[in-house]
Amino acid sequence: MTGHSERGRPAAPDAPAIELKGISKAFGTVQANKDISIRVMPGTIHGIIGENGAGKSTLMSILYGFYKADGGDIFIAGRKTAIPDSQAAIAAGIGMVFQHFKLVENFTVLENVVLGAESGARLTPSLSKARKLLTELAAEYELNVDPDALIQDLGVGMQQRVEILKALYRQADILILDEPTGVLTPAEADHLFRILEGLRAQGKTIILITHKLREIMEITDTVSVMRRGEMTATVKTAETSPEALAELMVGRKVLLRVDKAPAAPKQIVLDVENLRVKDDKGVERLKSVSLNVRAGEILGIAGVAGNGQSELLDVLGGSREATGRVTLNGTDLDLTGKLSDARTRRARGIAHVPEDRHREGLILDFHAWENVAFGYHHDPKYNRGWLMDNDALRRDTEEKIAKFDVRPADCWQTAKNFSGGNQQKIVIARELERNPDLLLVGQPTRGVDIGAIEFIHQQIVALRDAGKAILLVSVELDEIMSLSDRIAVMFDGRIMGERLPSETTERELGLLMAGITDTDTPHTVQEVEANLAERHGKVQ
Amino acid sequence: MSLPKWADVVLIPLINLLLALFVSGLVVLLIGEDPVNAMQIMVKGAVGSTYGWGYTLFYATNFIFTGLAVAVAFHAKLFNIGGEGQAQLGSLGVALVCLALPWPHWALALPFAIVGGALFGAAWAAIPAYLQARRGSHIVITTIMFNFIASALLVYLLVGALKAPGMAPESARFPEGTFLPNARDIFALVGIKFARSPLNVSFLLGLIACFLVWLLLWRTRLGYEIRAYGHSEPAARYAGIAPFRIIMITMLISGALAGLMAVNAVMGEQQRLLQDNVLGAGFVGIAVALMGRSHPVGVLIAAVLFGALYQGGAELEFETSVPREMVLVIQALVILFTGALDNMVRGPVTGAFLHFGRRRPKIDPAE
Amino acid sequence: MTLMQKLLGATTALALSAGAALAEPGLIIDLGGKFDKSFNESAYNGAQRWVKDTGGDYIETELSSEAQREQTMRRMAERGANPIIVLGFANASTLEKVAPDYPDTKFAIVDMVVDQPNVQSIVFAEHEGSYLVGMLAAMASKTGTVSFVGGMDVPLIRKFACGYAQGAKAANPDITVIQNMTGTTPAAWNDPVKGAELTKAQISQGSDVVFAAAGGTGVGVLQAAADEGVYSIGVDSNQNYMHPGSVLTSMTKRVDNAVYTVFNTAADGELPTGINALGLENNGVGYAVDENNKDLITPEMTAAVEEAKEKIIAGEIEVHDYTTDDSCPVM
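Which chain is which? The protein sequence lines are A, B and C, in order.
Read in our numbering, the first sequence has 311 at position 311, and its numbers run on one by one without any break.
To get our numbering, take the position in the second sequence, counting from 1, and add 540.
To get our numbering, take the position in the third sequence, counting from 1, and add 907.
Because the hints were derived from the structure by calculation, they are not lab data.
Misleading hints may appear alongside valid ones.
Label-pair restraints from in silico Cβ distances [what the hints assert, rightly or not]:
| no. | chain 1 | residue 1 | chain 2 | residue 2 | range |
| --- | --- | --- | --- | --- | --- |
| 1 | B | LEU755 | A | SER288 | 29 to 39 Å |
| 2 | C | ILE1220 | B | VAL583 | 53 to 63 Å |
| 3 | B | PRO544 | A | SER241 | 58 to 68 Å |
| 4 | B | LEU755 | A | GLU321 | 43 to 53 Å |
| 5 | C | ILE1220 | B | LEU570 | 52 to 62 Å |
| 6 | C | GLU1003 | B | LEU752 | 52 to 62 Å |
| 7 | B | PRO783 | A | PRO242 | 41 to 51 Å |
| 8 | B | VAL583 | A | GLU321 | 54 to 64 Å |
The C-beta atom is built at its ideal place from N, Cα and C for all residues, glycine as well.
Make a model of the complete structure from these sequences and hints.
Below, the structure written as structure tokens:
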């Protein structure tokens, strides 16, 4: 068993817990990490921030033994250490909590914790030892998890705790968390941060990878900024500001708040009544959803991922059938059958920026110009009789590329070769330039760099100001708060309530997102968790 | 990190081919024959005479059709293994057309035979396509099974309803008005002496088919939808492309192309319906499509290569004591190297390009 | 000569030089392979005997599929082989098409009549030979039931079966004759497993002498009969050696002689065309007796069969040929 063996780490208090010197890594022609040096002192929380593609995950993968660096050295507690694989990383006292958990769904918490670190062939001694250890750890760090619960019955917040316990069980002194709050409600995120603070107080070293400036400011002691594979700065968190960090990340000044005038809502464009959707397994994903969106306003749908927002967009966009009643500008939309498809919806004036541009919004192997016609390829202006008018399409693409500042400005570039932000700009350009009556937008800035976020938000607001109705779905509460004119919170396939951004708080929305409607009375984290877990169990 | 297009399209297949030939040479050496001599016989037999060219291009025509059939389906991410069966049904369609009337002239019979072959081939592909689109039965399995059914159906008809008087299980000979002009006749018109071979006007039909498939895939809305569906089904749904429609239409086109092979083999050469008239071309089509990167031009080149391999192999068998099985081994090696082991070559070649090529620092968008 | 011709190469030159210099006879072994212990092997042995006797050379190739007949025949002709022998009725329609394209090449086809000016059609009186082995079968049978396993169900094979049945009935009017065919396609020539199954089924119905006229399938028939301890009768080649003591006799069809003769006459001069009928009178068919089966054939049996043979040659016994009217009077 690796976890309890004597590693012989020297107890030099001044040595950094981790020091990287000159780490470089290239994938083909792409330099993912370039000469990166960093020192993380023990007992601190060190943030690493950077845009998508800046090289954060690559760096952590090198530290955890998934990739081998092309050059550079790793020092753990002052000792040069080679980390050829994850076993070596664990032996060196490094624990990793991935963005996508690596748990066995139909095993219990205890079994998952022990998995891969069993002492001997017989399981029972390991399990009883682990149970004892787990109880101690849970008490020490507020990591309360029922050791006998099955993973599949736990909510994501709980699952994340199991991952942390797994690392602690393996005697990790250094804990790396990769975008840990992506799937959590605000209350859960707060609790996670309290746990991390507890760990820090016990002398553990924590590396937090995130793209959220707020989290960095809230919890870290020092922060390193990465841009284009390079470490651009390492600063004390207390001595910096979100604006300064954003500028370091992007390389220029960015506007963090959305600059928008008050909305002037007019007539109802989209009216949804009693919408119900069942998935392939017969589980009800939308349970009587009713809402409306007016011309000239942005309705934001807040909620933890997987509570029916995707299904709502699918139904309105035309890629999923439903029951209920939906009217657009007073006319019914066909919800089942031949006329419920996406092509008909587009013809009716609904544009759709899908939640997942890789899965839906783009054909990654198509050229940019082919993607600009995607969904609109029947438009007469792209066609000449039997054949598609590729010249016209390319001209159109060049115009859009110029207008939306897509880089590289090359319509022959394959979609997958654009960065996330530029991919999203292509989708936004395609959908917004249709001048739709209703725009459906899902996660408009997921995986998009800060510079592009600013631009995309401006475009959405501009469309609103042009008198169009916009339905925005986002799991980023910040984005919902800053963009929306009205906020509806979804939980378990239902709308839990509607709020005006000026009259609500993140705390209130967070409770609604956990399905708690009496937001005026105080609630504990345990209540929130219990509610989420109950709902999670029902869905499974 | 991608290769230059020319390397992907030309260099890698070429290296694959050379590797396959090298290993084949070792095998020939192993059985005590002279590999250089064997190679000379194959090359000379395939392209060293008008006779060789005639047969090479005749086989190539078969492979063009079956290769295009597989390629079109590939673009919709459908793996049509049923080219063999669809071609057999196509041969039935062509035979029924040819035997139906005392055709006065081939130019009249050909369009009808094309329709017959295409319709029957498409119909045979339609059933697995429907099962895939509606019931989710995997098309690889169903198309394979349909090959067996097609073969049994043909036997049933050839020992029964379609059997000509006589003892062999074959149909009556087609009327003379269905005989397609062959290369010998056509070249004679311009004063060139071309050896007798089964190469016929169907080859031109194959070239036209290549062009039309290119036009379909890269110039029409349907082709656009087929390719989009092939890359991502959720995306296709998002764009209002109905998966059912795409699966059905793509497989109908694929089956029709496979069925058209019969115009060349049955109408052009055999001039009667035989039992195993497809000769495995349906399966070779898979290799041709793989090697040709599912592009009509690639398919054309790969088809000619495989045609040469077939003809050269026949010649090798005729001229030397290299046994028939060895010729099969060589053909299989080419398929193995060009199709299945593609990545074995791709890795080192990509590495070499990166090493010697320009180092452009670029940030990978997908971290 | 145009550039095009130069590029494509001159086939005519190849054909002419090959034809003039070599003029070797050619043999195309049919589906099933040259070591099928039966029809193909018989032809192959004839060719080998010719090589041994004359020191001559010939070109040989083996078919691998139905659809390759045409290319193989043409390749032989282009290569300059003359005469070219093709084996089996399945070649008839192809030869019909190919022969006119090569008027200077002579062809010979076994088992079928092809009416072309440069083709010799070699047909055997299989019904007569089968009649004789049918008599032997009936006389050797203790159960009063004999049987027949055919290869592909075609008139030619029914001709064997009908002759066999007539002979059996002639020797024992009360005898029961069971008849089964392996299949309806050329695959039936090479399916020893099914042959063995059919044989066992027939034995369970009481048969104790099984006649196989089934090419490679017959190997399975003979094996099953030997395993079950009953008699079998081989075909085409002398197959007595395969299971001595179990193989009662073999209905020999001297394809080897036919091949030998064709090769020889071609070497001497022109191959005569038209129909070449081989029967009992010219030893084209017969029954085989050698050291492997001489103990199985009693003198009485030999006498009876020899008498019938004389009568058939003399025309006193007329054995019905199934292929003349597609029917058999005794089955």
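Discussion item. Need the list of violated hint numbers for this structure, in ascending order.
Written reply: 1, 3, 4 and 6
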